[in-house]
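Okay, here's what each chain looks like letter by letter:
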Amino acid sequence: MPRGFVVTKWTDTDGLIVQLNYPEELKVDLDDMMRVFYAHITGAAEAGNVLVRLEKVQSNVASYFTGMDSPTPFMINLILELGEDPDMFGEAVIKDINSSILNYLQQLGTSISANYEVVKKLKQYLKNALFLLERLKYLTKDQLLAQIFYSEKGRKILQLLRDRAYSKKQLQALLEEALNKIITNLDITLDPFVKSGLVKQDWIEGIAEVFMFLVADFTIFRSPAFHLIENAKTSLPNAYLAEKYLEQVKKFFATYTPTEDDNLVIAKNLTNPDKFDYLALFRDRPYPLNKIPKGTDEGSLDVAHLLSVMEKDSILTIIKDNKNVEWVFLLTDIAVRPFYPEYMLENIRRDREENTIKKETAIKHLDYLEKVYYDFHEKKEK
Amino acid sequence: MKRSLLITSIGILCVISLLSTSPLVSAREILYEDVVWISGFNDPIGSQWSTSIVGDESDITTSSSSGEALYNLLGEELEWELISPLNSDTWTAVNNIAYPDLPDDYDVTSEGFFVSHYWGDTYGQRSDQSPSVHFDYNVSMPNNMSDYTITSASVSAVVNATVHANNPDFGGIEVPGDAVHQAADYDYIRYYLLISDLPKQKVYEIAYNQTSDLGKDSAGTFDQMEDTLITTVTEENLKFFLTSVLNTDDFNFTITVGIRIFCEDNRNNDQDFFDEIYVKNVSLSFTYQKKINQLTTASWDGIGNSLNSSNVLIRDASFEFSYKIDTPWPTDASPNSEFRLFVSNKKLSETVKLTAATDIYQLANPDGYNVTSLIGLDENITVSIQVYIGDNFELDSPIRIYIDDVVLRLTYIVILQDPPPTNLQPYIYGSAGLLVALATGIGLYEGIFKFPAQVRTVRSLRRNIRHGRSTKLLQTKDSKMIGRNIFEEEKRQLNKVSSKPQHSQPSTKAAPKKDTSGYKDVSPPEEKKMPEKKIEGSDKSA
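The listed protein sequences correspond, in order, to chains P and L. Using our numbering, you'd call the opening residue of the first sequence number 9 and step up by one each time. Using our numbering, you'd call the opening residue of the second sequence number 335 and step up by one each time.
Please keep in mind that the hints were generated in silico from the structure rather than gathered at the bench. Just to be clear, a hint being listed does not mean it is correct.
To be verified - A few chain P residues facing chain L, derived, Cβ under 8 Å:
1. Trp211
2. Glu213
3. Phe234
4. Glu354
5. Arg357
6. Ile371
Here a beta-carbon is modelled for each residue, glycine too, at the ideal position from N, C-alpha and C.
One chain only, chain P, in its complex shape (with noise of 0.2 Å):
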């Protein structure tokens, strides 16, 4: 579990110092903070992330830096176990989250009583933040695959392996030269894909390297919430209701066509430990606005900045009744669909022609596209 956030400022008369720890048990070595700013100062010291073992403390460090150039330089530093990685909860994530403190240490100034206040929202937020990297670790199978596909690796992952298999060498190499800069762990790169069963691993006869097998593809776009929809066409929760909810969803799916921007939007909203719960629970129904049911983490979340920013992504919408009281709908559900990539078949069959993939690997390849037919055969009977 990640241990807490240390966030540093380098002054100039002081040099760098420690802004803020949470939790505020975290020991800080100022020592080992001065070894993360020196990692990201020996380039060019531009922003920028870098990832850091520490000596004292024992820990790997996700670091963010805005750069000697900023009005303010701080390091907002993300403390890791050893055996963490920033690749395990999506650099998506890590990146909001950096953009989020950002914005409250952009609020500290030098009202003591208003950096009282901005302090305390910080911690809330850390606490919060600290809360759903842990519940990132445990995603679902349509998450880890908007996970993938959020991701710009996994994206670029995915686009590889759709020509053919590679070994993780070669994954590895051309992912680093596409992406321009260095993965340090492939193999928590590929987890979810091996998690959500796009990929097999395994040997190949005659070659002493692991290989990655593409067995499974998938398409993420919104789709109706069919369940709301058949309710409101028995005129549930009432009639006003379920007339407008319908007109709602008829005009946005009269024009929706899905893109690569509206998808990525899409996976982000799915990928969020705290949305997905959200949607969940709205799949089954509407609630009023001030009737939805809270969560475990009672108070900590700021469920109106939620709603909101789900409502702006059009998954849901708000609907007024006839009394005036706003109903909150789900006014598109996020389809994650795996199909079977058939494709694959003309991949091999044009590679082994050209030899451009051994026998074995060809082979291997298909033997487990075989297999895996079957099971999307048996899903799609259900």
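For chain P, the structure is supplied; the task is to place chain L on it using the hints.
Relative to chain P, chain L alone:
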């Protein structure tokens, strides 16, 4: 194929029994009991047996000795130590990119790595206040390190220095406590050891020392730092850094001895003399153990004769073997490694964990494995005893696993028919033709047509590739098209649902099927109307 065999066999039996009940046809059955079909091992082993390895062939091999078959796990522990003559042929002086000015003098001598430097705030403002030099040594490992794990590591070095401290003619180094006009960081020497990959994309500092009071005025004209051990990173971090730099090309990395001097301008006409700076007795060593890779397998495969399904019925088949190990299996490191057994290429559900092996031969199953259902007819009957590595782990010494007394026994019935009288030939040929047609039809169904079209395509492609035949272009949909089709299908469902007539709420007389209690009117009474609620932050970005 089993079904076709069974039906064909029943067909044969029906015809045979028909013919046998008539005075025109007869048949005989011969029982063969407990026939040893495959056995091992003799010395030499014999051509009946072969071996195969899948996975990392540097992890495991097979061999035989004195009538025993072996699986050899190639564990080992090796040690690497920096043994490098101290001269400029092996250690190359290069610029420190971050501090490119070189010191006045630097060299690799038999006494160690040497630097000296003078900076003076006179005669036109010399600007070499932060000189630095790196001495690089490129290491090439004898083994591919991607197949090894570093298990221990240590580094050390000794540093010393002599500087001008409080020289009445030429000034000296300024440190906290000395009289200065201005000061921030003062003057110091920083020693450090680095390791990096060859392209220097990953660079790690593994040891350092930075002086803080060397050159204090109270020391006199000169000040000396005696031989001092350099501060090193923890062993865990050193192992991690070594692993990381070797990860780039698996063989090579660079050791760098670095010295950097900082001469701060602390006074008018400041002069800083660093007379002699040494790094010596640099040592780096680490041990590494062989990685044994999960999913690697090694098999001893035995092949026997075939039996004809047209006149043979298998009654019983049993398989057994004995095994032992020369050193205890590392249970904690690899609890999942096991023997896996195959008969006629079909896997037995039972396995034998290697953790159960001892240094004395024991039977894998004292009662023998019942493999009757696995025996394949009309093809060579085979057995395979496979060692399957179930975990990734490190192994510091070889392990030998032995197998012997391998026996596959069959009990079967052979049905012999007496040759029919000549005038029955049309009936015989007719029945045979019918059976052939039946078997062919069933065979075609079992072999081809019972599989869905997509699977038939996969199987056909695989067959062609296996036999090196050319293949035709396959018309398939790409990922985007499939995704689009799935989306269009869901949209069609929406249109279907939308086009269904809307129903009003059920009559209050009928018992409601759905629990609508959650849909009660929750708006407050008119006299206590709540202010309109807005969702805050709805204009904020996500």
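Status of the P:Ile371 interface restraint (C-beta, 8 Å, chain L) = holds, 6 Å
When the nearest CB of chain L is found for P:Arg357, is that gap smaller than 8 Å?
-> Where the cut-off is 8 Å and the nearest Cβ of chain L is about 5 Å from P:Arg357, the hint holds.
Given P:Phe234 as an interface hint, is the shortest Cβ-Cβ distance to chain L below 8 Å?
-> At 6 Å from the nearest chain L Cβ, P:Phe234 passes the 8 Å test, so the hint holds.
Interface hint compliance - P:Glu213 to chain L, C-beta minimum distance less than 8 Å | holds, 5 Å
Hint validity - P:Trp211 Cβ closer than 8 Å to any chain L Cβ = holds, 4 Å
Does the CB of P:Glu354 sit less than 8 Å away from some CB of chain L?
-> holds, 4 Å
Violation of the numbered hints given earlier is absent; every hint is satisfied by the structure.
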